[in-house]
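Given the sequences, and given the hints that come with them, work out the whole structure.
Protein chains: 2
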Amino acid sequence: MPVFEELSKSTSFGGRQLTLSHDSTSTGTRMKLSVYVPPAAERAPVPCVFWLSGLTCTEENFTVKAGAQRMASELGLIVVAPDTSPRGEGVANDDAYDLGQGAGFYVDATAAPWTPHFKMYSYVTEELPALIREAFPVRPGALGVMGHSMGGHGALTVAMRNPELFKSVSAFSPIVAPSQVPWGQKAFTAYLGEDQAAWKAHDACELVRERGFPTQILVDQGDADGFLEEQLQTWRLVDACKEAGQSAKIRMQPGYDHSYFFIATFIDDHLRHHARILG
Amino acid sequence: MPVFEELSKSTSFGGRQLTLSHDSTSTGTRMKLSVYVPPAAERAPVPCVFWLSGLTCTEENFTVKAGAQRMASELGLIVVAPDTSPRGEGVANDDAYDLGQGAGFYVDATAAPWTPHFKMYSYVTEELPALIREAFPVRPGALGVMGHSMGGHGALTVAMRNPELFKSVSAFSPIVAPSQVPWGQKAFTAYLGEDQAAWKAHDACELVRERGFPTQILVDQGDADGFLEEQLQTWRLVDACKEAGQSAKIRMQPGYDHSYFFIATFIDDHLRHHARILG
Chain G
1 MPVFEELSKS TSFGGRQLTL SHDSTSTGTR MKLSVYVPPA AERAPVPCVF WLSGLTCTEE
61 NFTVKAGAQR MASELGLIVV APDTSPRGEG VANDDAYDLG QGAGFYVDAT AAPWTPHFKM
121 YSYVTEELPA LIREAFPVRP GALGVMGHSM GGHGALTVAM RNPELFKSVS AFSPIVAPSQ
181 VPWGQKAFTA YLGEDQAAWK AHDACELVRE RGFPTQILVD QGDADGFLEE QLQTWRLVDA
241 CKEAGQSAKI RMQPGYDHSY FFIATFIDDH LRHHARILG
Chain L
1 MPVFEELSKS TSFGGRQLTL SHDSTSTGTR MKLSVYVPPA AERAPVPCVF WLSGLTCTEE
61 NFTVKAGAQR MASELGLIVV APDTSPRGEG VANDDAYDLG QGAGFYVDAT AAPWTPHFKM
121 YSYVTEELPA LIREAFPVRP GALGVMGHSM GGHGALTVAM RNPELFKSVS AFSPIVAPSQ
181 VPWGQKAFTA YLGEDQAAWK AHDACELVRE RGFPTQILVD QGDADGFLEE QLQTWRLVDA
241 CKEAGQSAKI RMQPGYDHSY FFIATFIDDH LRHHARILG
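In the order they appear, the protein sequences are chains G and L. Yeah, the first sequence ends on 279 if you go by our numbering, and it's all consecutive. Yeah, the second sequence ends on 279 if you go by our numbering, and it's all consecutive.
Read the hints as simulated data drawn from the structure, not as lab findings. All clues stand as given, with none of them false.
With a straight-line Cα cutoff of 25 Å, these simulated SDA-like cross-link-like pairs (lysine to any residue) come out:
#: 1; chain 1: G; residue 1: 65; chain 2: L; residue 2: 76
#: 2; chain 1: L; residue 1: 9; chain 2: G; residue 2: 228
#: 3; chain 1: L; residue 1: 65; chain 2: G; residue 2: 224
#: 4; chain 1: L; residue 1: 9; chain 2: G; residue 2: 226
#: 5; chain 1: G; residue 1: 65; chain 2: L; residue 2: 226
#: 6; chain 1: G; residue 1: 249; chain 2: L; residue 2: 14
#: 7; chain 1: L; residue 1: 65; chain 2: G; residue 2: 272
#: 8; chain 1: G; residue 1: 32; chain 2: L; residue 2: 64
#: 9; chain 1: L; residue 1: 9; chain 2: G; residue 2: 233
#: 10; chain 1: G; residue 1: 65; chain 2: L; residue 2: 224
#: 11; chain 1: L; residue 1: 65; chain 2: G; residue 2: 7
#: 12; chain 1: G; residue 1: 186; chain 2: G; residue 2: 113
#: 13; chain 1: L; residue 1: 65; chain 2: L; residue 2: 87
#: 14; chain 1: G; residue 1: 9; chain 2: L; residue 2: 58
#: 15; chain 1: G; residue 1: 65; chain 2: L; residue 2: 269
#: 16; chain 1: L; residue 1: 65; chain 2: G; residue 2: 64
#: 17; chain 1: G; residue 1: 32; chain 2: L; residue 2: 65
#: 18; chain 1: G; residue 1: 65; chain 2: L; residue 2: 65
#: 19; chain 1: L; residue 1: 65; chain 2: G; residue 2: 19
#: 20; chain 1: L; residue 1: 65; chain 2: G; residue 2: 97
#: 21; chain 1: G; residue 1: 65; chain 2: L; residue 2: 13
#: 22; chain 1: L; residue 1: 9; chain 2: G; residue 2: 97
#: 23; chain 1: G; residue 1: 65; chain 2: L; residue 2: 266
Here is the structure:
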């Protein structure tokens, strides 16, 4: 792994749980990520799934809280969890938790002061896939993407815009229509400017209607999630998939909230979804 | 749950993951703990297992990192994880990570300045079992204890001293002979004083030779654990069990370190061990 510096390494379910860093050409910053390498990857190339995290998260939250390693080991999946934004002293930021560092929203910023470093779309769709393929035994064509909340938005949108790259997609509690809700409107205004035409290219509901996705979309959403009504509005994705004839399994899970306890409960289903499609 | 204040509640694997607090008569402080209540406990009393954490931990580490809820839900086990010491401004402390707040060592302190609040032995063997039985549907007589590192020491010693209370015991990376290693010698000198006779009552290897435990002891230890040689010295427990004829399964796990990635890998085995003995 010449490009990556290894910050930590632990054995987990017979595989390797790594924390890595590297200089990113997309963001112009040092980026951190975690990578789980299952035992099967020591023998032959295996499928790989990216995990995109939500607001305030780093590469660590999913890695220590989701309990994904057990099933990733069993199914033989590499799982890659990047940080959610560029970071550092020279990088633009905002005091709010939902803008700036920790809140990259998986777009390439085109508005000041975010333009120089906030290039998370290019990072997760171009630079990171190439680096991961170079450093780990990823089976060609077998890449999927999943995420949570802001990262659920990220997973759905980067997959629909790049179906030749990402063959499978799923999301927990995604922001399905960022153009229509406060989190998305605030972030897109800052990163993409006032012209809402540019927003549509990063809005999952718009993309479902415009492009769709070749394989079934899996979404889990807790009905006790405090963000459901104002920010997530899952029903918009249900409607869009119905209208567009998009194959989707969108499940409302009774009693579950927005936390990693929810994610941990259903992560096995998501990993199985990706493994089934990625073959 | 009149005695407990509920600080948070999340649905997890069909059960309830709670964070609670209460005024402790043992420590004279407000104590926090986490409790996982499996779906089966809504229908009938179920067995309960205490988890005792290691140095620097609170009630949160195990709860968010071990991934225990999945198997606890499947087996129908209540899992209780208390904090590792009293805390607060009026509570004695030390700048070191291995003494004072976050490092209670599951003993009742008899030396200044620790005596007034550092009563973790009484807390986990008397007060907490009584409160948990009052607030949750624990099947009578079906209580076990497990822990990690300092908490592995805690689990082994409180179980052997109270076999009528704890019917099953297991540990990850336990400090098996605190009287013989720096962590234990420092803590016991501070909490129990210079007289090493008092230390023996809280030393797992001494207790194995003196009392033993009625059911099999399960221990997992990673051979890549950086604390193995100096602080944990698992071979001392192997020898003590052999000499005393104590039934024990002590496994060296190749490649594993001291982290929660190790715990998460083998927590299912430990929960099954407790469920089998607790019936």
